[in-house]
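If you want the building blocks of each chain, they are given just below.
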Amino acid sequence: MWDYSEKVKDHFFNPRNAGALEDANAVGEVGSISCGDALKLMLKVNPETEIIEDARFQTFGCGSAIASSSALTELIKGKTIVEARALTNQDIAEFLGGLPPEKMHCSVMGQEALTAAVAAWTGEAVDEDDHEEGALICKCFAVDAGMIERAIRTNKLTSLEMVTFYTKAGGGCSSCREPLEELLADVNAAMVADGTLSAAEAFVFGAAPAPTPKAKATGFVIPDLPPAPPAAPAPLQEPIAIQPIRVKPVTAAKLPPAPAPAPAARTSAQEAIAIARILEEMRPTFQADGGDVTLLDVDGNRVSVEMTGACAGCQIASLTLGGLRKRIREQLGRDFIVVPAPRN
Amino acid sequence: MTLAPIYLDNNATTRVFPEVVQEMVPFYTEQFGNASSIHAFGEEVGGALRQARRSLQALIGAEFDHEIIFTSGGTESNNTAIRSALAANPKRTEFITSKVEHPAILSLADWLEKHEGVTVHRIPVDNEGRLDIDAYRAALGPKTALVSFMWANNETGTIFPVDGLAELAHQAGALFHTDAVQAVGKVQIDLKATEIDMLSLSSHKLHGPKGLGALYVRKGTRFRPLLRGGHQERGRRGGTENAPAIIGLGKAAEMTLATMEQDLPRIVALRDRLEAGIVSQVSHCFVTGDRRDRLPNTTTIAFEYIEGEAILMMLNRQGIAASSGSACTSGSLEPSHVLRAMDIPFTAAHGAIRFSLSRETTEAEVDRVIAAVPAIIDQLREMSPFWSSDGGKAQFNPEYA
Ligand SMILES: Cc1ncc(COP(=O)(O)O)c(C=O)c1O
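So the sequence lines, in the order shown, correspond to chains A and B. For the first sequence, our numbering gives the first residue as 37, with consecutive numbering after it. For the second sequence, our numbering gives the first residue as 141, with consecutive numbering after it.
Simulated restraints on C-beta separations:
no.	chain 1	residue 1	chain 2	residue 2	range
1	A	E42	B	D483	35 to 43 angstroms
2	B	P145	A	R319	49 to 57 angstroms
3	B	E159	A	A236	56 to 64 angstroms
4	B	S247	A	R319	32 to 40 angstroms
5	A	F49	B	P405	36 to 44 angstroms
6	B	P145	A	E197	30 to 38 angstroms
7	B	G360	A	D328	50 to 58 angstroms
8	B	A227	A	D328	42 to 50 angstroms
Selected chain B positions facing chain A (Cβ under 7 angstroms, derived; list incomplete):
no.	residue
9	E447
10	A450
11	M523
Treat the hints as calculated values from the structure; they're not laboratory data. Note that the coordinates shown come from a computational prediction; the quantities given were computed from them, not determined experimentally. Ideal Cβ positions, reconstructed from N, Cα and C, are used throughout, including at glycine.
Use the sequences and the hints to build the structure in full.
Right, dumping it as structure tokens:
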């Protein structure tokens, strides 16, 4: 079995802060049961001081997923929201005395849940709104470009295998190999341009894979690079300008939770009708792929749908939902969360 | 207090019987000569090898002992059988197998399809893991060179009706091979009464040494060696025989056969006790596979809303060794291809645990496992966002983004 550190085992067997937090006022939920791991992070934030007074988690996943969640709650308790958002998956892994490389995605999941919880607190939109389209790279595990880019930057990833270990992207059908390679090359090129990665280490799209020394699956710490000299840009390639992920600065005054925007001036019944129409328009596409999607409910900004056939699997579900969400947003002018109804 | 460890992972591999080790040792230390040599150091080797071959022949009910070819294991036997059948029937270019075979079949099938122009039919199974016979009939045709279906599934224990499947293959003029790595020693096998042309087995699954297996090839079956070399195994598999291991396997086969009639009913009873003991105490779990026709020693129980690796780590801490169909333990990211082929919902496939017994398993061990499992499941479910404490699925709909 995995060569887990004592700290990982301790946090798995004796998880800190497991269970529901009744009076949570900021919750982040990431992952899904079909994808093999999911984390619900619940925070109790003091509205005056913005200090995280309590943090609890519920996790579905393997030993390292539970340990990472436990570590995450320990790391953020007592911190302010501003301090907490500076936390990266590396901090979680380090706190645990390292994770096997194949399991680094568990620490990334922790960070993603934290990002989601912080976003819920500040009322800001989740980062995916910053992406135009094609944001979803890995359909098997529903991983979008933003998360992959963050993982590449935070952990200085330079190989496809490592990207999979850290984000799971590419770990299923591997049909996203090419866009993944492109994204890795682009992000690495940008990192070379910022001086955070040396040109020699950067992954170059289409280059023959460099023989990577086989990393043993034990405690894994990426050595800090010496500040790289502003290296010449990677040969054969135009430096590509990467749009950095924009994260809104935390505003002192907390925004009220999801105020219904006035401009659309549609009643919720009208919105539901509009959503039903969008769904009907898109159904032929789903049916052509061998599945079907039907509308169950619209509640506030949550659209529940039932997915059947090929649409129900992990692979297509996230793609379908992403596409649907985008269409709804375009037509109704505000964001909705599209969720599949629980399968019975 | 440290409890004696309990080994319930016998489908992965088994403990070598001490008697087997004892039988092997002299062939490392004294009679270490090459079986092909003339001198005294090897003079007993030839006889011991013949004896081992006969013991194995008896276990699988082969008509002739020379129908057995020793190999390096189940994987080599499978590769040899498939490549041989395709090479011996060049006019036929199709291969039929199932979706739930071991990777020792499936990854070769992928390769042959991709690089060697072979058309592969992968026959689906239903949600109890039973083969879709209609799909099999439909796939058979004048181009079928070989059919390969496993005798018993390593993950769920489900048994395929290989006798009948072999007859269907012959009606289409195709050869029939079975991967019986999990079946040999756990079910009665009498090859001479069947139409099976080739059968793979592996020594380490029946208390023999690792790195050794055998391929049964019915007399008269056209055969092409995989490994060409010396004249060993009648020119069908080159390379100096792994004499000590073969002799060990012979002993293991002899011991298995000698007590099989008493052992199998006892193993079934213990397995059923384990299964009932767990299922009656834990809600939201179910047994996978075909409960009417299964290996006597295997049960795979799917625990909903929790993940297998976490269960295994908890079991391991109590000295209980089992295995899981979960993705996390294998290093791959998706759950077992067998459970997915059976359309087991993801909510359960991630939490599937396989317990596989052997004739060494005791009632006291089974009872300890029955006592340990419910608390472990409860503890993990308490932590799961998908579980609500009043039982069943919680309202948890994480954002898919
Ligand atoms: C059904 C089946 N086939 C083949 C094999 C491979 O056998 P070996 O380990 O001897 O190569 C195994 C063992 O894991 C198995 O369970």
